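Heads up: the protein sequence lines correspond to chains A and B, in order. The first sequence lines up with residues 1 to 123 when you count with the numbering used here. The second sequence lines up with residues 1001 to 1595 when you count with the numbering used here.
Don't read these hints as lab results, they were simulated from the structure. Possibly wrong hints are sitting among the right ones.
Derived, one-sided and incomplete: chain B residues facing chain A with beta-carbon distance under 7 Å [claimed, not checked]:
1) 1015
2) 1018
3) 1130
With the C-beta cut set under 10 Å, the calculated list includes, among others, these residues of chain A facing chain B [unchecked claim]:
4) 14
5) 21
6) 26
7) 34
8) 56
9) 87
10) 109
11) 113
12) 117
Remember, it's a predicted structure, so these values are computed and weren't measured experimentally. In this text, a Cβ means the ideal position worked out from N, Cα and C, and glycines have one as well.
Residue strings, one per chain:
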Amino acid sequence: MKSLAELQAIRDKMKNSMNVRDDNGNKIRVVVGMATCGIAAGARPVLNGFTEEVAKRNLDNVTVTQTGCIGICQYEPVVEVYTPDGEKTTYVKMTAEKVAKVVTDHLVNGKVVSEYTIGSVAK
Amino acid sequence: MYRSHILVCGGTGCTSSGSEQIISTLEQELAKNGLEKEVKVIKTGCFGLCALGPIMIVYPEGSFYSMVKSEDIPEIVSEHLLKGRIVKRLLYSETVTEDTVKSLNETDFYKKQHRVALKNCGVINPENIDEYIALDGYQALGKVLTEMKPQEVIEVIKESGLRGRGGGGFPTGLKWQFAAGNESDQKYVCCNADEGDPGAFMDRSVLEGDPHVLIEAMSIAGYAIGATKGYVYVRAEYPIAVKRLQIAINQAKEYGLLGQHIFGTDFCFDMELRLGAGAFVCGEETALMTSIEGHRGEPRPRPPFPAVKGLFGKPTILNNVETYANIPQIILKGASWFNSMGTEKSKGTKVFALGGKIHNTGLVEVPMGTTLREIIEEIGGGIPNGKKFKAAQTGGPSGGCIPAEMIDIKIDYDNLIAIGSMMGSGGLIVMDEDTCMVDIAKFFLEFTVDESCGKCAPCRIGTKRMYEMLSQICKGNATLEDLDKLEELCYEIKAGSLCGLGQTAPNPVLSTLKYYRHEYEAHVVDKKCPAGVCKDLLSFEIIADKCKGCTLCSRVCPVGAIQGTVKNPHSIDKSKCIKCGACIEKCRFDAIVKK
Ligand SMILES: Cc1cc2nc3c(=O)[nH]c(=O)nc-3n(C[C@H](O)[C@H](O)[C@H](O)COP(=O)(O)O)c2cc1C
Ligand code: SF4
Ligand code: SF4
Ligand code: SF4
Ligand code: FES
Ligand code: FES
Chain A
1 MKSLAELQAI RDKMKNSMNV RDDNGNKIRV VVGMATCGIA AGARPVLNGF
51 TEEVAKRNLD NVTVTQTGCI GICQYEPVVE VYTPDGEKTT YVKMTAEKVA
101 KVVTDHLVNG KVVSEYTIGS VAK
Chain B
1001 MYRSHILVCG GTGCTSSGSE QIISTLEQEL AKNGLEKEVK VIKTGCFGLC
1051 ALGPIMIVYP EGSFYSMVKS EDIPEIVSEH LLKGRIVKRL LYSETVTEDT
1101 VKSLNETDFY KKQHRVALKN CGVINPENID EYIALDGYQA LGKVLTEMKP
1151 QEVIEVIKES GLRGRGGGGF PTGLKWQFAA GNESDQKYVC CNADEGDPGA
1201 FMDRSVLEGD PHVLIEAMSI AGYAIGATKG YVYVRAEYPI AVKRLQIAIN
1251 QAKEYGLLGQ HIFGTDFCFD MELRLGAGAF VCGEETALMT SIEGHRGEPR
1301 PRPPFPAVKG LFGKPTILNN VETYANIPQI ILKGASWFNS MGTEKSKGTK
1351 VFALGGKIHN TGLVEVPMGT TLREIIEEIG GGIPNGKKFK AAQTGGPSGG
1401 CIPAEMIDIK IDYDNLIAIG SMMGSGGLIV MDEDTCMVDI AKFFLEFTVD
1451 ESCGKCAPCR IGTKRMYEML SQICKGNATL EDLDKLEELC YEIKAGSLCG
1501 LGQTAPNPVL STLKYYRHEY EAHVVDKKCP AGVCKDLLSF EIIADKCKGC
1551 TLCSRVCPVG AIQGTVKNPH SIDKSKCIKC GACIEKCRFD AIVKK
């Protein structure tokens, strides 16, 4: 260790990957439906897509987790985004390709991607 | 990038209840389900709730699973990790309320705690230096080396009000100042990780759960006093601690955080472990240093104090593990952050090993000045089986008892001394109405007699005599004059002993004599043990009216002391009875009493 900067670099790199462990309520939670039908419909690549994308962009205010049956099998893979203000957005028929846009628009810039939401698809 | 982290406790408590097995099963199950790249398993140090082990926490949900068995792992993997359904039946019951799951930090056990020394314990992987660094590890060392003069470091520690956590409570900054003030070609920094107090395991938990904090703090101390070499004296009975500490030292060396020109400065510091054979007296500072030098660990008279002539005759400081664990945070967050916690003369927090007759046994860290009541009733969850709280013993063999009337005492160094006890290293043993105070005093004396190094007569012979007198009291063979003699002997041993072991050995006797003299008198005058513990003063009897004649008791009696026929009241032949208590446990009608 020749300098403080070197130490800082290790810290910043690791901090991000340890974020998962800090359970304060001020985070955006991305919840992917991972019951049997969700997995069958391709929820796993979606889940992994979110994890990777969040890591790539160092979004330390976001956690990605999964849940069981949401009750709308025909729309799987389903992803719910909870923001700290208590708002919930439900994205349906998600794919790995759609993930990047949700991350950039919604998680980073706070703009819901309405064309992927359940409201617009159900119409 | 992992989406989920599972922290499994790898502390001594959980390891002995099977956490290694849990980890390997977990890894197999994750692989079987193709989750090994998504879920990371981390072995940590102690969480503090050892009685509930093996313990694991799944993040990001923060689900706290306790008493996990290998058989439960497939369910946790397939339900929780694959499908996101928390396995409620395995959650620590305190975290489950009617419809929500609380996080561990909201439970009664943790709510009142404030973790400074234990900040990283149960949070990081102690075998991974990067995780320590991620939580600001080695930042304080970097800061002192690049921005502060040694004297400035000492000033911060002085101002913080930190006092030694190894028992005596000596101001840490002052100790450093003394050592810094002595010119020498060589100085040393030592760490006391001997932890000889029966019942205490906070130092072990820090070593196991956060070993790098010790390396960082000792390096800071080295810089402050002008030392280039550190020794950690740790008992060989702590194999997990020794192993993790060695791993940590190796990693720190690899990163150049130990060794030559740390952070590119002129400061060089190196560290080594020294294993102790586990003699209580080796925790005494002069004995400890003698032992590091390779001699038999016997105390020597002070002065000269170690700050003048310590290890190998050079200026040396010795601090306790928990004392060191506070240092990096004091440097980073400042003296006023630290001294805003605690009481007027005892700043910061203290870790206690909570044991005895209490629901939540384990490690707790609370601000100094927290009341005994808060610790016992709120954090500890009270006394089991509806029994009454009788006393709390603090300070181990050097300490004494706090009687029930004083349950609202604010715990700090000075309040404990004032009532005849001591902080010690922080063992806190809770006793209920079934505890005999004479027996407790005898228990600690037995320990002292075994551990006295024998160098000086008051301690070697005096503690033995004390033990014998206590034994006679427990047998009902003592007189009131003997009680006075016992008390007198206590003061003589205190005054005449060379080291702290002998000087404090009478404390358990003195404090119980002070608060429970009536109990001693009951043994001496009435030949009764009020708590029903001292066997020689007990007799077992069957209350004929209550006995249903079920014969259970006579069948378990190992010496055939119980007579009686079916459906008729039984009786005990006192001349045969060996007072084993087997019958009382069997009787379902409460017909047997001990008096
Ligand atoms: C008999 C005896 C045993 C001791 N055992 C320990 C021990 O196990 N751990 C410890 O830190 N201090 C122990 N001490 C206190 C040390 O001698 C010393 O005061 C302490 O380590 C200094 O560190 P501190 O100022 O950080 O508390 C013991 C003292 C005596 C007299
Ligand atoms: S007081 Fe006891 S332990 Fe200490 S030097 Fe004397 S005999 Fe040894
Ligand atoms: S106490 Fe033990 S020895 Fe005595 S009567 Fe009961 S079972 Fe028998
Ligand atoms: S176990 Fe109790 S009830 Fe049964 S014979 Fe013995 S004393 Fe009587
Ligand atoms: S299983 Fe997919 S919504 Fe129920
Ligand atoms: S050893 Fe696991 S909680 Fe203490």
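Would the hint on residue 56 (chain A) stand, with a C-beta cut-off of 10 Å toward chain B?
8 Å, holds
Would the stated hint for residue 117 (chain A) survive a check requiring a Cβ distance to chain B of less than 10 Å?
With a minimum Cβ separation of about 21 Å from chain B (threshold 10 Å), the hint on residue 117 (chain A) is violated.
Can we keep the residue 21 (chain A) interface hint, with Cβ of chain B closer than 10 Å?
5 Å, holds
Does residue 1130 (chain B) pass the interface hint, meaning its C-beta sits closer than 7 Å to a C-beta of chain A?
Interface hint status for residue 1130 (chain B): holds (5 Å vs cutoff 7 Å).
Using Cβ atoms only, decide whether residue 14 (chain A) comes closer than 10 Å to chain B, and label the hint accordingly.
3 Å, holds
Does the CB of residue 87 (chain A) sit less than 10 Å away from some CB of chain B?
Interface hint status for residue 87 (chain A): violated (19 Å vs cutoff 10 Å).
Does residue 34 (chain A) pass the interface hint, meaning its C-beta sits closer than 10 Å to a C-beta of chain B?
5 Å, holds
Do the numbers back the hint for residue 1018 (chain B), that is, is its least Cβ distance to chain A under 7 Å?
Cβ of residue 1018 (chain B) sits 23 Å from chain A, so the hint is violated.
Under 10 Å is the threshold here; is the Cβ of residue 26 (chain A) close enough to any Cβ of chain B for the hint to stand?
13 Å, violated
Under 7 Å is the threshold here; is the Cβ of residue 1015 (chain B) close enough to any Cβ of chain A for the hint to stand?
Hint violated; residue 1015 (chain B) Cβ to chain A Cβ min 21 Å, cut 7 Å.
If you take the shortest Cβ to Cβ gap from residue 109 (chain A) to chain B, is it below 10 Å?
Violated, about 22 Å.
Residue 113 (chain A) was flagged as interface toward chain B. Is the shortest Cβ-Cβ separation under 10 Å?
21 Å, violated
Violated hints for the displayed structure, listed by number in ascending order: 1, 2, 6, 9, 10, 11, 12.
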